[in-house]
Amino acid sequence: MASLLPYSGSLGRRLAKHLLRRATYSVTKTRIDEFSNYSVDQALTELLILPEKNLIQPIHFVAKNLTQPSPWINDDPIYGPVNVDNGSGQLKKDSYLAGWWIDEAKRDTSLRSKMSYFLFTDFTAAVRFLQSPFYYDYLMLIEFFCLGDWKEFCFQMTKNNVMLKYLDNNDNTKGNPNENFAREVLELFTIGKGVQTGIGDYTNYTESDIEQAAKVLTGWTFSKDSDRNLRDNGAEFGNIPCGYVNSGKHDFGRKEFSHRFGNYVIDEWNASGKSEEEKVARTEAELKEFIDMVLNQAETAKFICRKLYRFFVSRKITTEIENDIIVPLANTFRANYNLEPVITQLLKSEHFYDADDSDNTDEIVGGLVKSPLDLVTSVLSTTAYPVPHPITQGEWHYKKFYYNQILDNVMIPAAQDLFRPPSVAGFPPYYESPEFDRFWFNSSTIISRYNLANILLDPALSKATFYVSTFVDANVSNPGDPSVLIDELVDLLFPEPIDASRKSFFLNDILLDNGSETAEMWTDEWINFKNTGSTTGVESALRPLFRALIWSQEFQNH
Amino acid sequence: MKRRKFLQLSALSSASSLLVNGHQLKAFSETALLNNIPPEVVDGRSLVLVQLSGGNDGLNTIIPLNQYDTYANIRPNLKLKTSGANAAIELDSTLPLEDQVYLHPALTSFKTLYDAGKLNIIHSVGYPLVNKSHFAAKALMFRGGDGTPENVNKSSGWMARFLHAGYDPTEYQDPLGIQLGAKKPSVGFLSEHEHKVDVNLTGQDISGYYNVISSIGNPVPENIADTELGENIDYITNVEKNASIYSQRISEVFDAGSNSSVTYPDTDLSNQLKTVAKMIKGGSKTKIFIVFINGFDTHAGQVASASNSHEGKHTELLTDVGDSIKAFQDDIEALGIDEKVVTATFTEFGRKPRENGNMGTDHGNLGPMFVFGTHVRGGMSGTNMDLTGVTKHYDETKMQHDYRQVFATLIADFLGASSSVIEGTEFTEYDGNKRMDLIQGAQKADGDLSVDSITEEKLGIYPNPVVDNCTVKFTANEMYRGYVVLYDMNGSIAFQVQNDFRPGVNVLPLDLSHLIDGMYILAIKDNYNKTLSSSQLLKN
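Listed in order, the protein sequences are those of chains B and D. The numbering of the first sequence is this note's numbering, which starts it at 1 and goes up by one. The numbering of the second sequence is this note's numbering, which starts it at 1001 and goes up by one.
Chain D on its own, in the form it takes in the complex (with noise of 0.2 Å):
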């Protein structure tokens, strides 16, 4: 079986698939940055992502000092104490008393990181109309949503829309983004971009991936049927592609990649973490990584006992996580990688203030992330969330920071994400005066002083509610074939129509008496499925 021909034609295919819309940013080579950071560097930096599945219990992490009293009364079984042996760890001193927190005893290594400036502690995020659903909110922060209506229903992942509007793939020979610890591919990469950004090497031999994924597979059928198994065909042809013209990269850095002496825990989490560090070691320019770990979900056995408050589910996952990313962060200063990556924890939701008597907690809103670095700006964000008036079956704490004001940051000051760049990702409403100060000030860069090319679209729809027909004026740059589609709020394509889009202002007329009433996003969307701008339509 003539299996080079695979290899060959999917290198031809992708080449011709391969996007380059004038929309994007223009490579990194041409930007000029805040704090003359060359931008070779910023380009070789990288964001892992440490996600904690299931909803950590914030308050049981981070505890505040001054309010321990109240603490302690509303959980009688799961607090933890705070002298003796096993004590829960006093951060810092040197703060405002309110300020003052005590760490989960479990998390030496954080207290470490702090120590040397290299922890950023962010207190009670989340997002507006919380999700308590793990699934549905899982979604929603890959996503980038919220439990709004407007926001409820995105149909790809933030990170893949950061992905495409900041860079272009024909210029990099890595992933853009890879993902290790869970089989299913993260809807934090989902995108309707035919070319796929993203790698999943859960469970692979990434040395060999390479070798085996050449080895295998069909040539693509030189004709797809225009039909749903001819798009699954089609669908199935780009994973391949995908997996194949990475392939041989991902196992090549792997294998000029090397770990340090360092050891690090024997866990999943920290194989996930040691593979990261070996491949930004050989080379790597893969822009987000994300790891995963599994088990938050501590309704029942958090604790052992009231007694032993300091063993029992909780603790068994956080000495994970903490000696996990302590090793991580060891190995990637042995190795002199250190100023290239910087890592954030984050959670879909935190759990009750409240504990639910069986030694555990149900889902609640809000909890900390944790960034850490080498060039991160040590400290905390925010303050301690305000116990005070927690009623016996609902916590009313308040949120300081919505998760998409950090992810914006870390993406804008870390990576050098422009301001259309945080368009693109559909984060604005969460930048500009929301943006965090997470990363030491002379390390910030800052895309907005790159080559920009947009003009501001602008999307009206007239009259809206709309009952029979309407018209939708939209100012376009360029001149292309486009969309507008409408998505009824489960997500599904109510109505589409094609339309040659000139530069400047386009007006459509749209009848729209035949569908259902109800609220619908319509968006307008480039040729290559790219929505350029949405806006919502009530029809009555």
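Isolated chain B (complex conformation) (with noise of 0.2 Å):
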């Protein structure tokens, strides 16, 4: 009996590590040290305080006729107003907010990146469809909702630009019905299909409501590039860009749905003799009964909920999950539609921390294989790794490492170009069962994966002078102890302990070389470094310990 009651006790170090890594892109030392004391609810209390931005937009750096640090986006409180002229054309300055972004989320100590992240995976719009400010406003819309009302969401969201185009709602109009957007909300990022029970029927919803949806969302249209600043949604819900309706493409019409929605009719409106405003509120409101629509189902709830579960918990969605988890978690959601105590619920309970039975065959620690930006990040946060400074080194900040080596180098290769995934769909492990997360892990996606150490242990790629002592010295008690070296790297890093052979893996035969070096040599060579400041000796022993440690089958899942 799988359960959702809310964990008793205080974590202690192995749950700690496990909910900062399912929750967050940022784990540390400290942090994991802080957690381990706390309860579940002072743990959620934590994550639920949303800290500043390093920066709330990315900064373009020095280059061409850009003299200084200065945004594209937005006008900056800081760096100024927007120059264009920066000297970086579209698909660079897309991956530069790609960038931005895992730098940021790398920082981040709440569920504000995560949750974000999977309201991405859910409503999905692939970036470079409309310039990269929109890209932003739309990131920003998600942010603003990531915690927040689900529902409001799909209404925003079916106005954000970026969305409107990538779904060719431009051409949706009365005379010509576009499916495209109609079909991806029902299909994709609300309701889901069901099993196909007849010709155009998938149970939760029918070829023909797709065609009525289409007309509701006929008419809404995006602002193009030259008018991105001339409309946004209001102050309530963040001042963000934002689309608009075209009355005279509204398909006023009587819009009837099938019986998998109860035959529910959005009346014909009479729109002759209206003014402009009373046309545009109309169709807003039958957007909004739309959405109401589906979102009684009680379908809905539960196909969101699900979608959380893979994202944070398990893959695996057996017919005991779906009745003890899912269907109270679905119970919560459709309350009110509010993404955090969803959230909250889900990662204080028992189930989340392998305490509501004691088969050890279904841990949840451990079980997901990590997207290439979890392993990034992770590297990344866990190393307090130097990456460049982003507006003293923005060059290398922006071009070289992230866009050059962490995007073009390890990620893209490694299948995760994050925020252009393959369709609409979004990216194949986020739903494509059975394996989900495994498939980040493949044959084509080894090398790039495995890449990522050797690209943070090169300064000449990296632009970063990492040292591994350096690391070393801040997260392990005593390093000069190449036992305890080990079992404090291992227990940092990894989900669960190692037995003794492969401790002996790490121990002897990388950081001791084979039997080459022996255990007394090791604490010399970390007295020497404490002593001298070189780095030359313990640096050639922990380089490779390192590597061993990011390419372990350990490392890999979280």
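It should be emphasised that the hints constitute simulated quantities derived from the structure, not laboratory data. This structure is a prediction, so every number in the text was calculated from the model and none was measured. Wrong hints could be hidden among the right ones.
As the list claims (entries may be wrong) - Now the in silico label distances, taken between C-beta atoms and shown as ranges:
#, chain 1, residue 1, chain 2, residue 2, range
1, D, Glu1339, B, Lys174, 55 to 65 Å
2, B, His389, D, Ile1516, 51 to 61 Å
3, B, Gly87, D, Leu1095, 51 to 61 Å
As the list claims (entries may be wrong) - Covered stretches of chain B, going by a simulated chain D footprint (3 or more residues, C-beta under 8 Å):
#, stretch
4, 173-185
5, 312-321
6, 355-362
7, 440-446
8, 496-507
Idealized CB from N, CA, C, for every residue including glycine.
With the hints in hand, could you dock these two chains into one complex?
Structure representation (structure tokens):
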């Protein structure tokens, strides 16, 4: 019997690590130590404190005509007005946006970044369908709602410029309905397909529902590049630029949905003689009515909860999990469609901490394969990696480190071009059953995942001076003792402890180079480093160890 | 770091984990085949599958000549013209009028191949209850399923089932399946077997693959815990092993191979096909290659404009497909390996006959498949789609071929799969009298002349529908420790029990009172997790 009841007692080290790894992209020893003493209530309270960002938007480095670091998206309170003439084309700016997002995520001690990326996997739109400022708006919209009102988010996202463009809604007009957006709203974003029970009938909705939904969506139009700042969604929802209603293109006729929605009808509305405001208001009202109709179905909340479960907990949704976790979680969600109570309930539950049964074979801890984003941020945050500074070393930060190395040489060949998934369904590991997250690791992604360690250890590539000894010194109590060194590094990096033979591999085969060094020699090496500050000796042993730990099969999971 | 340890360990582990299942077909060397085609020749053959991702618009690819007016009516903007410059290509005036077609003007290469007798055009391919979502449909086609409740939840890919049923991996240095062009491993190769037989080489420097793969990674942990993490580690280890085992051979074969002086277009698809040709020339005996081209989801911009319908997204894509396949065929002929290869295109579903008003088409059902090769029976399979009675929003054109008939025919007649291998692929229903005529008579291999030791296994469940308890009767043909597994309609395991099966009839009582009412699939699995038989079960 899986249980959503809250876990009682303090987390302890193992579960604190588990929570931090799953709930954030920022895991450090200090935080682990802190959270080990917390109860789940204290831990979640901490995770809901949203810290200030380091930079509220990416700032372009000095280049070509740009003589000081400047934003290209919005006027910045610190870095001044927008300057688009910075020598970088759209493709590069998209990548710098992704690099900025990763840099912020690895510092973010709250649930915000993970929930934002989760919402991205729900309402997916790829970057490059409009200029990067629009994509920034899309990300800000997601962030605004990441722990908030998902129902309102559905409405807001429908009028988001990137989404409207991505799914061709400018082409969806009264005379010529285009079903693309309507189909994906039902199939991917809100209620999902059920078993196909007949021609065009997918249990949760039918093909004709898609046609009716397309009619509801007619007239919603994205603002073009020049019009980006012409309209936004209001102070209540973040003043985020959005699309608008072209009432002349909206179909005000009757929309009749199928028996799957109880034959629900959105009444015809007589638009003649009405003012523009009234027509726009009616179009918005219809959209909200449609969203209400879909969200009133029991399946919608369950569909989203299953996505949450797979993102944060496990790919395996057995009948037991469906009944004991998904259904009650969906009830919580359906109460007011607020995301915060749902995610906190899930992350406080006995089930999440493997405490609802004594069966070791279904442990949640360590059960998910890390996405390339998880892999990258886990190393960067845990090692406090000295990433080049975004302002004083801006070109290295954006172009060399994040764009050339992290994205081009690791994440993209590892199949996660951060905001450019292969399709509107998103990245297959988030939806393709039964493998799900296992799809991240396959013969075509091995090399690039392993390349991460090599890149981070090579200052010529990373443009960063990283010493494993600095990392070790800050995080291991007694590095001179090789046994303590291995134990504590493994504890910091791996989800579970390792056995003696595995420890021997790291200690004897790697650190002590297959017996060519002794433990005493290592201790002397370390003492010498502490006394003289010379890293040469310790680095020659620690770098292979670091590489082996990051390469390990254990580290690929969390 | 002792890098060699990784390879040594993997060589050892792989030897012990390789499966030689008594149910599988014996090695090809022992089969006597129809037409006296030497077994080694059949064994040297490969199937190249070209995935057109996004749902290709069949009606602008192949236009029924004698229904042009109906076609023009439902496609006022998208219609291709039939005279003047850039006109659609009249394929074959020697055919009966009702069978004649135009080809999209970009497909000059298809015309050349058709005239040379190397192309078979298969009309109206689909599956029952077509699912118009890309993602679900794609998965279904790779799993060998369809929209019916019985077949919508296959957990393995048909290619994996075929490869495991038809070949003993220990006999081959090459991976039995290779995928190019898409980072995510194809669902077609998805399998519950521990030993993976396919490798995804998308984006890899193939020549250097071995060098890089062999220099990275850790040895396998000796003791893997029986937890979710342990299972993941196991999985990751298998992927590494698999890449490592095959990488040397892959790089060798690639380096030993070559292409002719044929010029390929400079596209990603061409590069993938060029690689396939090079590897086959280098001696690869991989049975299935999948290559991939995306972009067919033409909801908008399918054509440039009504007056320039010969330009636009669809044209770019078909030009790429046509020219790449032609270059590939020319290359393998020049290399002298064309008799080893049959190439087939497929797409997840078709698009609606009626255009959508945005210079595009929305998802529909049915579309043509194209099969190419020196040993292909040139011509047509089926006839033109009937466009009469096409209503505004829903096409009611009829399916003429199930995609599984096409694949079953190719693996049987070209690759020599026997009926038990077809059964292992779960394609039996689409074979037999449904087999198509796609391969030249004298080139057909027939695996049924092979040594076959399988006896009929029978599965019965009484009563069915079941309320609380039922009895499973299963006739096994040898002794093994296996499982009875119940999958619910989401594909999750609802119930599982181990059982020691004896040769003959096995009777198992099952208490299913705790199960939720609904439809399930009951599967009998052997000790290697292979499904031997399965049946629907309804719980009331």
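Verification of the hints:
no.	hint	result
1	Glu1339/D - Lys174/B: 55 to 65 Å	57 Å, holds
2	His389/B - Ile1516/D: 51 to 61 Å	57 Å, holds
3	Gly87/B - Leu1095/D: 51 to 61 Å	60 Å, holds
4	173-185	holds (count 8)
5	312-321	holds (count 5)
6	355-362	holds (count 3)
7	440-446	holds (count 6)
8	496-507	holds (count 6)
Checked against the numbered hints given earlier, this structure breaks none of them.
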